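S.K.: Sequence:
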Amino acid sequence: MAQTLALRLEIPQTPLVEKTVALLRRELRERGQVDVTVQSTGTAGLVLGITPGIGTEGYRIESDHGACRITGNDERGLLYGVGKYLRGCRFGKGCVAHTEWRGTSVPKRSTRGIYFATHFGNYYHTAPLPDVIRYVEELALWGCNSLCVWFDMHHYTGIDDPAAQSMTDRLHAILQAANRVGMGASLLMLANEAYSTSPKELRAEPFPHHYHVELCPAKPEGLELILRWRRQMLERFADLTLDYIGIWPYDQGGCKCPDCSPWGGNGYVRVARELAKMVRSMFPASRIFVSAWEFGYWFGDAEWELFYKELGTAPDWADAIMAEGHGDFPPYVLKHGKPGGLPLLNFPEISMSGMYPWGGFGANLQPKRLQKVWDTCKSMLAGGFPYSEGIFEDINKVVCLQLYWDADRPVLDTLREYASYEFSPESADALADAMFAAEAGMSHTLVEKWQEAIPETGLPATPIYRLGNTAGAASTFATVQAADAGMDTRARSTWRWRLFYLRCVLDAELAASGGVATPSTERHFEEIRAIIHADDAVTTLCVNAPSVEALRRLLKRQRANIW
Numbered sequence: 008m009a010q011t012l013a014l015r016l017e018i019p020q021t022p023l024v025e026k027t028v029a030l031l032r033r034e035l036r037e038r039g040q041v042d043v044t045v046q047s048t049g050t051a052g053l054v055l056g057i058t059p060g061i062g063t064e065g066y067r068i069e070s071d072h073g074a075c076r077i078t079g080n081d082e083r084g085l086l087y088g089v090g091k092y093l094r095g096c097r098f099g100k101g102c103v104a105h106t107e108w109r110g111t112s113v114p115k116r117s118t119r120g121i122y123f124a125t126h127f128g129n130y131y132h133t134a135p136l137p138d139v140i141r142y143v144e145e146l147a148l149w150g151c152n153s154l155c156v157w158f159d160m161h162h163y164t165g166i167d168d169p170a171a172q173s174m175t176d177r178l179h180a181i182l183q184a185a186n187r188v189g190m191g192a193s194l195l196m197l198a199n200e201a202y203s204t205s206p207k208e209l210r211a212e213p214f215p216h217h218y219h220v221e222l223c224p225a226k227p228e229g230l231e232l233i234l235r236w237r238r239q240m241l242e243r244f245a246d247l248t249l250d251y252i253g254i255w256p257y258d259q260g261g262c263k264c265p266d267c268s269p270w271g272g273n274g275y276v277r278v279a280r281e282l283a284k285m286v287r288s289m290f291p292a293s294r295i296f297v298s299a300w301e302f303g304y305w306f307g308d309a310e311w312e313l314f315y316k317e318l319g320t321a322p323d324w325a326d327a328i329m330a331e332g333h334g335d336f337p338p339y340v341l342k343h344g345k346p347g348g349l350p351l352l353n354f355p356e357i358s359m360s361g362m363y364p365w366g367g368f369g370a371n372l373q374p375k376r377l378q379k380v381w382d383t384c385k386s387m388l389a390g391g392f393p394y395s396e397g398i399f400e401d402i403n404k405v406v407c408l409q410l411y412w413d414a415d416r417p418v419l420d421t422l423r424e425y426a427s428y429e430f431s432p433e434s435a436d437a438l439a440d441a442m443f444a445a446e447a448g449m450s451h452t453l454v455e456k457w458q459e460a461i462p463e464t465g466l467p468a469t470p471i472y473r474l475g476n477t478a479g480a481a482s483t484f485a486t487v488q489a490a491d492a493g494m495d496t497r498a499r500s501t502w503r504w505r506l507f508y509l510r511c512v513l514d515a516e517l518a519a520s521g522g523v524a525t526p527s528t529e530r531h532f533e534e535i536r537a538i539i540h541a542d543d544a545v546t547t548l549c550v551n552a553p554s555v556e557a558l559r560r561l562l563k564r565q566r567a568n569i570w
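Residue 275 in the numbering used here sits at position 268 of the sequence shown, and the numbers go up by one each step.
Worth flagging that the hints you see were computed from the coordinates, not collected in a lab.
Don't take each hint at face value.
Claimed, not checked - With a Cα cut of at most 25 Å, we get these calculated PhoX-like pairs of lysine-lysine:
no., residue 1, residue 2
1, Lys456, Lys563
2, Lys263, Lys115
3, Lys456, Lys379
4, Lys284, Lys115
5, Lys342, Lys316
6, Lys115, Lys345
7, Lys385, Lys375
8, Lys345, Lys316
9, Lys345, Lys284
10, Lys385, Lys345
11, Lys345, Lys379
12, Lys385, Lys342
13, Lys385, Lys91
14, Lys342, Lys284
15, Lys91, Lys345
16, Lys284, Lys316
17, Lys207, Lys263
18, Lys226, Lys345
19, Lys115, Lys207
20, Lys115, Lys375
21, Lys207, Lys226
22, Lys379, Lys316
23, Lys115, Lys379
24, Lys226, Lys263
25, Lys375, Lys342
26, Lys115, Lys100
As the list claims (entries may be wrong) - Computed spacing ranges between beta-carbons, pair by pair:
no., residue 1, residue 2, range
27, Gly344, Thr21, 36 to 44 Å
28, Gly110, Ala481, 19 to 27 Å
29, Arg280, Val523, 41 to 49 Å
30, Glu433, Arg36, 18 to 26 Å
31, Arg530, Pro137, 24 to 32 Å
Remember, predicted model here, so these are calculated numbers, not experimental data.
We put the beta carbon where it would ideally sit given N, CA and C, even for glycine.
Turn these sequences into a full structure, and let the hints guide you.
M.R.: Structural data, given as structure tokens:
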């Protein structure tokens, strides 16, 4: 018989409070078959309230005459307290035992965001929208308070292009869902990106990563067109609560002409100032961050030096700086301090490092690397937006969100909490160790000439996968297999567990086969492909599962030039 939990709500049911109660109900019902009744008075097993003074977005969990009381400093704090409560609960069939955790917790970093890359047929681009929205809600329970997306313009003819309208509708729905669960919505835009219809005479002098439609802001007509097209795009999101609007310099942004070089400290700053003026007029409550992504890559330190000089001290057209490199935090910033003296955000890479194709081998786990990079820059940061290509690095997201919440919390502690909640409380310690071990086995990829290794039919007889460190693969999988046998049916069937399980079984099986594909690895890869919705993934398998059959499909598309 299902348990009924009485919930006493001591605050008005505002939209966010209602959403918090709905998420609590959903999790208790799905994990423990527990029903929740809401009341405003009387005896209850769980009490929710708000008492300012705890600390912005913080919460307190305490015992209260036999009940468990969750008190938020504010509505967001209450939501995050409910998330902490749920992660400590113990669930049975038709019952739940309250968390034993008691205490007060207040986030140390004010911006705890995630960036969803919504392009190239990845999960955020192609998965059913209700699944993406649910994922946004689940990240909120871990303390995420801002969600960022980017409208990639280059392959559309203009804002009225039906495909562009469809994409902005999707992005709007995702950000609207973020607003409903207490997150700020954030938009990213490249400083001089453009549609495919940009006039050739106004185009930028390209960098290697360009789509060759970008505009040169040193040309007055080019700058005018940048601003007009950007205003049209922003108007599509005018009804949302926008937290940040970010202005980005690279990858395909930039212009190498003499009037714009060095881009990061010259043309980029000039166009960013003009974009910032427009943003201020349209969204006066939103904050603006400018990015130093890839600074120094093309122009060396000269780009950094001019960027710092142009910003000066506390520029009035920007509110924060985002800085990150490919892996390590930029040494120039560590040496010279925060550009403009502004709050500093990071942009850690959590998807594309370690394996190729991204997500193709299951869960991408990088807790040690993330801890190492964090330790070099945490004292400078006000938070950040980890870069995500999909759900296969969910564990990395949680690690980052918890580092933003508590800068000194060891990542192993976060892994134990994650494993206990999502997998099995009884196996949490062993599974956290297995996550560390799986990170040591990263760097799987395809062989260099995989196209030549794929036969017309059947499986290749030679290695097609170049493997990372597989020394501990068998023992790690044995640990995971033992945990799997003891887990309840619901937890065993979740996508989080399947991606982690499949990563570990693939490590073990490919180690045993020497990187040769087998019928078993084919099944595993195809399951991963279905979980991450990679049917339409493009750009040379950047986000895909590399089964031999998937590789054959890719080769056919390449030969037919269908992209």
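S.K.: Hints first: check each against the structure and report whether it holds.
M.R.: Each hint tested on the structure:
About 16 Å separates the Cα atoms of Lys456 and Lys563, which keeps this hinted pair within 25 Å; it holds. For a cut-off of 25 Å, the pair hint linking Lys263 to Lys115 is broken: about 40 Å separates their Cα positions. Restraint check for Lys456 and Lys379: not satisfied, since their Cα atoms lie roughly 33 Å apart, outside the 25 Å limit. Distance check on the hinted pair: Lys284 and Lys115 sit about 31 Å apart at the alpha-carbon level, beyond 25 Å; violated.
Using a Cα cut-off of 25 Å, the hinted pair Lys342 and Lys316 holds, with the two alpha carbons roughly 15 Å apart. Our distance criterion of 25 Å between C-alpha atoms is met by Lys115 and Lys345, whose separation comes to about 18 Å. Taking the CA atoms of Lys385 and Lys375, the gap is about 15 Å. The hint holds against a cut of 25 Å. For the suggested pair Lys345 and Lys316, the alpha carbons sit about 12 Å apart, so the restraint of at most 25 Å is met.
Distance check on the hinted pair: Lys345 and Lys284 sit about 22 Å apart at the alpha-carbon level, within 25 Å; holds. Distance hint between Lys385 and Lys345 is fulfilled; the C-alpha atoms sit about 12 Å from each other, no more than 25 Å. Among the hinted pairs, Lys345 with Lys379 is consistent with the structure: their alpha-carbon atoms are about 20 Å apart, no more than 25 Å. With a CA separation close to 14 Å, the supplied pair Lys385 and Lys342 stays within the 25 Å bound.
Distance check on the hinted pair: Lys385 and Lys91 sit about 23 Å apart at the alpha-carbon level, within 25 Å; holds. Between Lys342 and Lys284, the direct Cα distance comes to roughly 30 Å. Violation of the 25 Å bound is thereby established for this hinted pair. Distance check on the hinted pair: Lys91 and Lys345 sit about 33 Å apart at the alpha-carbon level, beyond 25 Å; violated. Distance check on the hinted pair: Lys284 and Lys316 sit about 20 Å apart at the alpha-carbon level, within 25 Å; holds.
Proximity of Lys207 to Lys263 is assessed by CA-CA distance (about 16 Å); at most 25 Å being required, the pair is judged to hold. Annotation: proposed proximity of Lys226 to Lys345 is violated, straight-line Cα distance about 31 Å (limit 25 Å). Taking the CA atoms of Lys115 and Lys207, the gap is about 48 Å. The hint is violated against a cut of 25 Å. As the CA atoms of Lys115 and Lys375 are separated by approximately 21 Å, the hinted pair is consistent with the 25 Å bound.
With a C-alpha separation of about 12 Å, the suggested pairing of Lys207 with Lys226 holds against the 25 Å cut-off. Between the alpha carbons of Lys379 and Lys316 the distance comes to roughly 30 Å, so the proposed pair goes past 25 Å and is violated. With a CA separation close to 19 Å, the supplied pair Lys115 and Lys379 stays within the 25 Å bound. In summary, the hint linking Lys226 to Lys263 is supported, as the alpha carbons are separated by about 13 Å, within the 25 Å threshold.
Among the hinted pairs, Lys375 with Lys342 is consistent with the structure: their alpha-carbon atoms are about 24 Å apart, no more than 25 Å. Proximity of Lys115 to Lys100 is assessed by CA-CA distance (about 37 Å); at most 25 Å being required, the pair is judged violated. About 41 Å separates the C-beta atoms of Gly344 and Thr21, a value consistent with the hinted range of 36 to 44 Å. Roughly 40 Å separates the CB atoms of Gly110 and Ala481, a value that falls outside the hinted 19 to 27 Å.
As the Cβ distance of Arg280 to Val523 is approximately 56 Å, the hint placing it in 41 to 49 Å is violated. At about 22 Å, the beta-carbon gap between Glu433 and Arg36 stays in the expected band of 18 to 26 Å. At about 27 Å, the beta-carbon gap between Arg530 and Pro137 stays in the expected band of 24 to 32 Å.
The structure fails hints 2, 3, 4, 14, 15, 18, 19, 22, 26, 28, 29 (numbered hints given earlier, in ascending order).
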